[in-house]
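Asks: This is what each chain is made of:
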Amino acid sequence: MNDAGLWSIFINASLVNNFVLAYFLGICPFLGVSAKLSTATRMGGAVTFVMLVASLSAFGVNLLLEWAGVPYLRLISYIVIIASTVQFVEMFVKKMSPALFRALGIFLPLITTNCAILGVALFQTNRGYDLLQCSVFALGAGAGFTLALVLMAGIREKLELASLSDVVQGAAITLMVAGILSLTFMGFAGLGAA
Amino acid sequence: MNAEQGNTPTADDFLKGLWRENPVFVYLLGMCPVLAVTNSAINGLSMGLATLFVLTLSNTLVSVLRNIIPREVRIATFILIIATFVTVVDYLIQAISLELHKSLGAFISLIVVNCLILGRAEAFASRNGPARALLDGLGMGLGFTLALLCMGGVRELLGNGSLFGVAVLPAQFQPWIVMILPGGGFFTLGVLLLLINAAKARRQARAQTLEGAS
Chain A
1 MNDAGLWSIF INASLVNNFV LAYFLGICPF LGVSAKLSTA TRMGGAVTFV
51 MLVASLSAFG VNLLLEWAGV PYLRLISYIV IIASTVQFVE MFVKKMSPAL
101 FRALGIFLPL ITTNCAILGV ALFQTNRGYD LLQCSVFALG AGAGFTLALV
151 LMAGIREKLE LASLSDVVQG AAITLMVAGI LSLTFMGFAG LGAA
Chain B
1 MNAEQGNTPT ADDFLKGLWR ENPVFVYLLG MCPVLAVTNS AINGLSMGLA
51 TLFVLTLSNT LVSVLRNIIP REVRIATFIL IIATFVTVVD YLIQAISLEL
101 HKSLGAFISL IVVNCLILGR AEAFASRNGP ARALLDGLGM GLGFTLALLC
151 MGGVRELLGN GSLFGVAVLP AQFQPWIVMI LPGGGFFTLG VLLLLINAAK
201 ARRQARAQTL EGAS
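So the sequences go chain by chain: A and B.
Every letter in the first sequence is one number past the one before it in the numbering used here, and letter 48, counting from 1, is 48.
Every letter in the second sequence is one number past the one before it in the numbering used here, and letter 58, counting from 1, is 58.
The shape of chain B in the complex, shown without the other chains (with noise of 0.2 Å):
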């Protein structure tokens, strides 16, 4: 068993989530709710948080649990435990805005299969301790958070000439629908992970001139 290697919670545990190993740029990680719900802003937004809780808390729960909880199970365990946040999170949003809650739809039900929770919960929670399970659920959640607010950010601009529902662009703006269609979802992803490819490469590759010009 590997577990237990150092259980003091670092401030790496909350960083590496950000950006380093952010769960959609560079795991590829829950990648339904990162192209459905990001038509907007304001859906990215609460999409992302909603996510954040049920990662944080899940994770916690695990970490605590993990002694407990036999082997044989622990994926049905998991499971189980993220259900029971979701429903929570279901009737929460539902309680705060109707209107909020419609839109997502059935996307909030659908976290339960976010891969990117059931992934933490076995990759980190069940590993480590309480506290260092909390701090990476808040950083990955965060990073996620992140990660789809920039989606619907993007997409809400182009394809509506708006931010957060407030109109940024001249009127003169023609917004590009096709953004805010299904279709849009993909091209913008499909660009964002362009850009950051293209950064590494360029970083790679500038590191390697340093190091033979030394």
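Here chain A stands alone, though its shape is the one from the complex (with noise of 0.2 Å):
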């Protein structure tokens, strides 16, 4: 059992170890999906909710296989959970709120392959947490990630009216602005640490 305070997994999860620039989880999205500050802000959004729904369902079925004695199929079953809950939620908001899917569209079903949820189910499980600090370590999480791949999408937008050389447009530019990110976030370690 695990008995740190929500308000310090939040922050922990949120901009200590942040799941981007910490935990390098979650960089497909980042680097892909980083060049436009308002698909940036969708994006981290969607990912955010999956993350909330995976883990409350990641958590029962943990307690399911941990009753059932058969904790190695856990990761199996976790990639399952996460892959029909992306289904469920794109069925569900195509069906309450159209628009909403189309200002989503593709990034609904890349979700199901963002190793930042598979993380965040995995973490849980073996950190020990009980139902209320796995949903406060998702919300972390998803909030963690939404501020990576926002700033990140500000600062690239800035970038393309900069005059670079040819050779370090695109990916090499981008990782390299990631690593001066990620040694700014360093600054928060000890935060929240209590």
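No lab work stands behind these hints: they were computed from the structure.
For every residue, glycine included, the Cβ atom is placed at its ideal position computed from N, Cα and C.
Treat the hints with caution; some may be incorrect.
In silico BS3-like cross-links for lysine-lysine, where the CA-CA straight-line distance does not exceed 30 Å [said to hold, decoys possible]:
{"#": "1", "chain 1": "A", "residue 1": "LYS36", "chain 2": "B", "residue 2": "LYS200"}
{"#": "2", "chain 1": "B", "residue 1": "LYS102", "chain 2": "A", "residue 2": "LYS158"}
{"#": "3", "chain 1": "A", "residue 1": "LYS36", "chain 2": "A", "residue 2": "LYS94"}
{"#": "4", "chain 1": "A", "residue 1": "LYS36", "chain 2": "A", "residue 2": "LYS95"}
Counterexamples of contact, computed for chain A against chain B with all Cβ distances above 10 Å [said to hold, decoys possible]:
{"#": "5", "residue": "ALA143"}
{"#": "6", "residue": "LEU147"}
{"#": "7", "residue": "ILE180"}
Here are some chain A residues pointing at chain B (derived, C-beta under 10 Å) [what the hints assert, rightly or not]:
{"#": "8", "residue": "PHE24"}
{"#": "9", "residue": "PHE30"}
{"#": "10", "residue": "SER38"}
{"#": "11", "residue": "ALA83"}
{"#": "12", "residue": "PHE92"}
{"#": "13", "residue": "ASP166"}
{"#": "14", "residue": "GLN169"}
{"#": "15", "residue": "ALA172"}
{"#": "16", "residue": "LEU175"}
{"#": "17", "residue": "GLY179"}
{"#": "18", "residue": "SER182"}
{"#": "19", "residue": "LEU183"}
{"#": "20", "residue": "PHE188"}
{"#": "21", "residue": "LEU191"}
Need the complex rebuilt from these two chains, each delivered in its own frame; the hints are there to steer you.
Replies: If you want it as structure tokens, here you go:
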């Protein structure tokens, strides 16, 4: 059992150990979808939502697996849960709000292969969080992911206007900017450690 | 269907993954483990080998089953196959070295969502015979391992002054701690990509001047 306070879990997941910049989870969408500020915000929202739902379902399934005594099925079950959660969210959003569905577009199915989601499910199991801690952890991770994505998109929109040599264009400069961002986030170390 | 074009395995199936279509440096696939576990050469190497193992086996199995798997559920089936092999690797590493398992942590389980493996299953294994898929898996896996080893080597050398845990640089060398921290991972990959881009641009420029001269 883990008795870390809720606030410290949130700060830890969103800032100190930011999923993207410290754990390197969800790098693919971080590099792929961070070219424009508006899409980055939407992607962040969608990921946070799926994280929360997947984290809660993973908590339930983990209890079930422990009860049945088959912990080695954990990974397979988690990935199935995430895939079906994404599918479910997609159908739900399509039914409830077609406008939002169009706005999210291709991003929803892509979330299935976002390692940050599976990361949340695995970390919460390893650390033995209870239900409330799980949901706060998922929210924190989602907020951290969104923050990193939005910061990156903002910087990349400015980069468009900068004059850069051809060789650093594209992935190379993006990664270096990400490195600097990551260093900045190290400044949060020690925050909320109590 | 463009399936089954030329089913004889060729050396190129294996070789293309090493450099020309290197999954990390050319396609930028599977970035999470590339950045996360390469703070030392040994971590990078073992992560690469684990991925190589999963990639080769899943590629082969997907290819064997490619005519049975219904098209509509193929992605879900691929993921299940991959997840099975990853579970195998997870327990295997735990049995071989508990210490290594601890230092790689959740990233072994996260091989499941490595887009490289799913990408090869979808783009190559589901369209070609088992022998070619096996070679493709080996080549791509080896290319991935090389990239990880390269990253891990550079970061450990500069960040710790050692290679595979053996001190290489003289004691006067002040380690660049930043290299083994998360930020260093981004920097190293960024610089490597920059060098590769520069080399490519240079080769292209030279080819053009040669053409112009002749």
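Asks: Of the numbered hints stated previously, which ones are contradicted by the structure, given in increasing order?
Replies: 2, 7, 10, 12, 20 and 21
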